[in-house]
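Chemist: Sequence:
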Amino acid sequence: MAGPAATAPAGVAPAAAAVAAVPAAAVAAPATVVPAAAPADSATVGTAVSTATAGTATTAGTTASGTTAALPGLPHALSARARTLAGAVRRRCTDLARIESPSGDAPRLDALAEELAAGFRATGATARREPGPAGDHLVLEWEGRDETLPHLLIVGHHDTVWPVGTLADWPVAEQDGRLTGPGVVDMKGGLAILEGALALLADLGQRPHRTVRLVVVSDEEVGSPDGRRLVERQLRGAAAVLGLEPPHPDGRLKTARRGSTRVRLTVTGREAHAGNDSHDGVSAVDELVDQLVLVRGLAGQPGTELNAGRISGGSRANVVAGRAEAELGLRFSTVEAQRRTLDNLARLTALRPGARVRTEVLSSRPAWPERTGNPLLRHVRSLAAVLGQQLDGAPAGGAGDTNLPGSRGLPTLDGFGAVGAGAHARHEYIRLDQLAPRIALLAALLAVPLPRLRDRGEG
Numbered sequence: 009m010a011g012p013a014a015t016a017p018a019g020v021a022p023a024a025a026a027v028a029a030v031p032a033a034a035v036a037a038p039a040t041v042v043p044a045a046a047p048a049d050s051a052t053v054g055t056a057v058s059t060a061t062a063g064t065a066t067t068a069g070t071t072a073s074g075t076t077a078a079l080p081g082l083p084h085a086l087s088a089r090a091r092t093l094a095g096a097v098r099r100r101c102t103d104l105a106r107i108e109s110p111s112g113d114a115p116r117l118d119a120l121a122e123e124l125a126a127g128f129r130a131t132g133a134t135a136r137r138e139p140g141p142a143g144d145h146l147v148l149e150w151e152g153r154d155e156t157l158p159h160l161l162i163v164g165h166h167d168t169v170w171p172v173g174t175l176a177d178w179p180v181a182e183q184d185g186r187l188t189g190p191g192v193v194d195m196k197g198g199l200a201i202l203e204g205a206l207a208l209l210a211d212l213g214q215r216p217h218r219t220v221r222l223v224v225v226s227d228e229e230v231g232s233p234d235g236r237r238l239v240e241r242q243l244r245g246a247a248a249v250l251g252l253e254p255p256h257p258d259g260r261l262k263t264a265r266r267g268s269t270r271v272r273l274t275v276t277g278r279e280a281h282a283g284n285d286s287h288d289g290v291s292a293v294d295e296l297v298d299q300l301v302l303v304r305g306l307a308g309q310p311g312t313e314l315n316a317g318r319i320s321g322g323s324r325a326n327v328v329a330g331r332a333e334a335e336l337g338l339r340f341s342t343v344e345a346q347r348r349t350l351d352n353l354a355r356l357t358a359l360r361p362g363a364r365v366r367t368e369v370l371s372s373r374p375a376w377p378e379r380t381g382n383p384l385l386r387h388v389r390s391l392a393a394v395l396g397q398q399l400d401g402a403p404a405g406g407a408g409d410t411n412l413p414g415s416r417g418l419p420t421l422d423g424f425g426a427v428g429a430g431a432h433a434r435h436e437y438i439r440l441d442q443l444a445p446r447i448a449l450l451a452a453l454l455a456v457p458l459p460r461l462r463d464r465g466e467g
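Under the working numbering, the first residue of the sequence shown carries the number 9, and numbering increases by one thereafter.
Quick caveat, the hints were computed from the structure, so don't treat them as lab data.
The model shown is predicted, which means the values in this text are computed figures rather than measured ones.
Restraint ranges, calculated between C-beta atoms of paired labels, are given here:
id, residue 1, residue 2, range
1, Pro141, Val297, 31 to 37 Å
2, Gly112, Val369, 15 to 21 Å
3, Gly417, Arg237, 16 to 22 Å
4, Asp285, Arg237, 44 to 50 Å
5, Asp288, Ile319, 20 to 26 Å
6, Arg324, Glu240, 42 to 48 Å
7, Ala176, Val301, 35 to 41 Å
8, Ser323, Arg462, 53 to 59 Å
9, Ala325, Leu243, 49 to 55 Å
Backbone N, C-alpha and C define an ideal beta-carbon position, used for all residues, glycine too.
Kindly produce the complete structure, drawing on both the sequences and the hints.
Modeler: Quick look at the structure:
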């Protein structure tokens with residue numbers, strides 16, 4: 009195996025097939041889970057999938073009782089094996105988090121991409137690395153039982169916000185039922201859970217009901233400026249889209265997201281000696297400060313939030329600044345608010361003679377509005393119910409790669425990653441007791457037919 013062994017911290021062995029290897033070795037399942045000769049009321053996954061087609065592919069409003077009748081024996085098999093797999097998934101998440109992968113660090117991202125590809129190949133995937141300017145992306149595919157159906161798209165990322173060296177003073181650790189460390193919830197836990205769900209199905213000798221495609225981008229934390237093209241390419245013909253971002257802290261899935269745009273304001277002035285010739289200079293810093301005051305007023309409009317995340321400029325205290333810039337993060341609750349604010353930013357002009365202002369959109373994600381009725385959420389709630397889980401959904405404040413399909417009206421749900429909290433913060437953690445339920449839920453969602461999710465075409 010190339011890459012990760014050389015870049016992982018000391019003592020971290022490559023874990024390419026760690027999850028996939030566990031079911032065969034450790035889940036030599038008791039006969040009560042999936043009997044070798046299953047009676048009619050205790051079907052294997054293969055039987056459950058084939059008998060479920062008529063029951064779950066008819067309407068978007070599949071009820072929990074209807075799903076239970078269509079899936080005899082499956083909930084117990086998935087839940088029992090998911091509990092057995094949870095320890096391997098926990099270790100897999102730990103190993104992935106110990107391979108630091110900050111956005112923009114191509115060598116480390118490529119090493120982790122190879123590690124992920126090896127792990128997913130062990131569950132039956134074909135994998136290819138797609139070169140990107142700041143690190144390779146991954147595109148993976150699992151063959152479905154019915155190849156005539158539109159594919160199910162899953163989106164994720166392997167970059168984090170944490171710089172190299174974070175592990176030195178914040179190592180991955182377990183305490184009080186939690187796993188904490190940089191990137192565990194956003195989103196190495198989600199990647200490990202998906203690997204576990206697919207390993208579970210492979211151990212049962214089954215494939216997903218339909219083709220599953222997974223896109224793992226290397227630049228999500230900076231807005232997917234390059235990764236977006238891969239996500240967009242796989243949207244064509246997709247039946248539905250799932251995201252591996254963490255759910256809400258209480259476990260609810262994410263049913264909508266605000267739009268998000270990163271903008272760089274660059275101001276060019278004219279340098280001069282600040283004491284002797286200040287009248288010959290044009291301060292880019294002063295111009296930028298005044299522009300930010302103006303921008304704050306624009307962002308105060310309904311549906312728009314602004315965060316000035318980074319400001320830099322000038323060279324010395326005795327030199328009139330010749331250049332300054334700011335990177336802004338904007339959030340939008342509606343597509344109209346996003347369009348209006350970005351139009352206003354594009355029209356900014358200098359307030360001082362001799363200064364120049366340039367607005368550059370670094371990345372942009374459209375707002376994903378809440379979908380009325382949401383048949384995909386109803387379907388997932390029904391599956392959760394037969395697994396003994398209570399699950400719901402709610403809109404999210406942050407943005408991600410699911411914004412794109414959601415904004416276009418594709419059936420989309422996010423939050424299938426690890427349950428926890430603290431993304432982008434030093435208290436980031438996942439709840440270990442929620443690993444097994446998430447593994448079982450994802451495995452069930454991949455194994456059974458989808459209901460009709462849209463008015464036209466097969467869903």
